[in-house]
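Q: The residues making up each chain are set out below.
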Amino acid sequence: MRFKATLENYLFIAPAVVIFSIFYIIPFISVFQLAFFDWDGILPTKIFVGLSNFKEIIFDKIWWQSMWQSGYITLIALTFQNALAFLLAWACDREIRMKNFYRVIFFIPPVLSEVVVGLVWQWILNGNYGILNHWLTDLGLTNLTRNWLSDPNTALTTVAVVHCWKGFGWGFLLFLAGLQTIPRELYEAARVDGANAWNSFKNVTAPLMIPVVVLVAILTILGTMQVFVLIYTMTGGGPGYHTEVPVLRILASMRGSSRFGYACAQGITFGVILCMVSFVQYLVTKKAKA
Amino acid sequence: MKRKNLSAFLGVMLLVLSAGCASKSESGKSITVWHWMTDREPAFRELAARYEAKTGIKVAFELYAPSDAYSQKVRAAAQGANLPDIFGILGEKRDFSSFIKAGFILDLTPYMSEENSKWKNSFFAKALAVNEFAEGNSYGITPGIYGVPIDIMTIEMLYNKSLFKQLGLNPNRPPQTFEEFLDIGPKLKAAKLEGLVSGWGEIWMIDCLANNYAFNIMGKDKVIATIKGEVPYTDPDWIKVLSLFKQMQESGLLANGLVTMVNKTAEQLFANEKAVFAFNGSWCVNVYKGMNSTLDYGAFLAPKASDKFPMAVWGGAGSSFMVNARSRNKEEAVKFLRWLTDAPQQAYLAEATNNLPANKESINKIPEVMATFAKAMDYATHPNLWGVSEFSPVIEAFDKGIQSIVIGEKTPEQVAAEVQKIKERELAKKR
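Residue numbers (our numbering), protein chains in the order written: chain A, 1 to 290; chain B, 1 to 431.
No wet-lab data here; the hints were simulated from the structure. Quick caveat: nothing in here was measured; it's all calculated off a predicted structure. Accuracy of the hints is not assured; some may be wrong.
As the list claims (entries may be wrong) - Which stretches of chain B does chain A cover? Using the computed rule of at least three CB atoms under 8 angstroms from a CB of chain A, they are:
#, region
1, 93-99
2, 255-261
Stated by the list, open to error - Stretch by stretch, here's where chain A covers chain B in the computed footprint (C-beta under 8 angstroms, at least three residues):
#, region
3, 73-82
4, 190-202
Yeah, the Cβ is synthetic: ideal placement off N, Cα and C, and Gly gets one too.
Based on the provided sequences and hints, a complete structural model is requested.
A: In structure tokens, the structure reads:
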């Protein structure tokens, strides 16, 4: 009887286990396996190449350039995007008019399709007929007009700013939720003790928001390092290699060069780097908490 | 109660599994075709209906777009040996050869050779050559014809006749030489018009123009020798090819933001008469018609930069279909493709989709611009016709290098040196 009950339980979870195995575990193992082979994705035969794919990555300048560029976008997202998200969340947490309206508005960009956002911003930033250059001209700032996405001096920063615009809503939502968990009594007590707005922020808001800030920072780093669709839509990695990011390079290896093994090795390298970044963050957070 | 639950669960699982198997058993007289051509879908469906009425064989055209997604689907299906009866391959000839080596593509030579090669002779030779592997090919494929061209494609220069008049140029005489072409640059700047637009953000279109000029400057043999590794990219002729892009940029011929421009944007700019020149494929006739039916434009060969060799045009088979060698319906599939490429069906496809038919017998009644594109088949060249393929990282470095030249970041000499370095690395790996 007990055996039947156990069997029944296993049968009920079997579909989930099968689906998880097929769509998660097997591909995960396959990626590790393929990284040691040279394979074009079509032929049934794969050539074992050992660690040569990983060795090639070490000397792949474009790959490391893409890593650096991804890091640059992440740095802008960590500072500019999160500062904006925090400020807006802080403003909406206060008693201002139409705060619910703002909450909805600020959360619209993250729910939009990245392809749509990319295409709309491409249109706004277009050097020929883009609305941004049009406004700059109207304001008499003609010397600032440029082809934002084709100019190597501005392309990367421009896509980083658009990425921040697209992503700040998530940070806003988490910061707002965090701010709302702070008991109002603490602010009242601070006021009774003579604290002004800055002192309240420094001694009440900031310390209690540290766990949320850490969470948002982790999500920002992991999300931004993997940015792909937006850049693919806006610049395709160009001009030259100026907006290439790791995921675009993996795609180029797989689709452009038909080098599935090398693409898998790049994927593993990238995954390991992300794990290392997360581990460092974990250590820093642990130290901060202590 | 528990037993009931268990029975019900097993029953549902059985149903789900049996439903999954049902479609497999249903074969009979039906053919499945996978394609990516959104613009041709209605015409394909109409032709499928006509074929069914004629033969009783149902043809299901399944559209998977965009082409990137389609390409991945075909590769995934190949890995799982789930390819349909008929499908197309998007990619380089190297990929095509891998599909053949893996046994996924039927050799159509015996069918093409029937009745004194009647079927074979109905096509433009270069359209068929794209699907052909010659004797002693470098891919190690048994010589033969492995695909059926459905339509042909050439990529040419286009110019706006109205804007030509506005610039004080003869609307019936596009530039013939590269110098004449460059001379138009300052006029464009003065008139505040955009010059050449194209999908150079999708880098393969840069490759098309660069190879056209490579053929014009050094000839086919030297281009092939470069791919074989016998001539370096640092050769003066290659530097001359790269320098043309620098000259075009400096003269003001290239549109603002060209290096990240996708072809759709380029088509919009040209159709809306904001750009004087476009570098686009023959499919554009249909696109421009949809965007601006009154657009007055003409097509011409890219202005030659040298008199040593003829100017080449990137082209050949626009899209081709292959028959799955493992399909149980391969005989029916071949018969359907033969019917599809007969003159009446090809004429219907050309009329309905404004694409150039692959069957040369059906090319008589097409508009003037399309006829210009069709005539360009005489000068057509394509990597799939060369018998050798360049390494993908070399192509990428070459095309991205041209982007760097256009944005003034690198000189042609620097780009040539970088490309050659990558070429040597790839050659060393092959050894």
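Q: Find the hints from earlier in the document that the structure breaks and name them by number, from lowest to highest.
A: none
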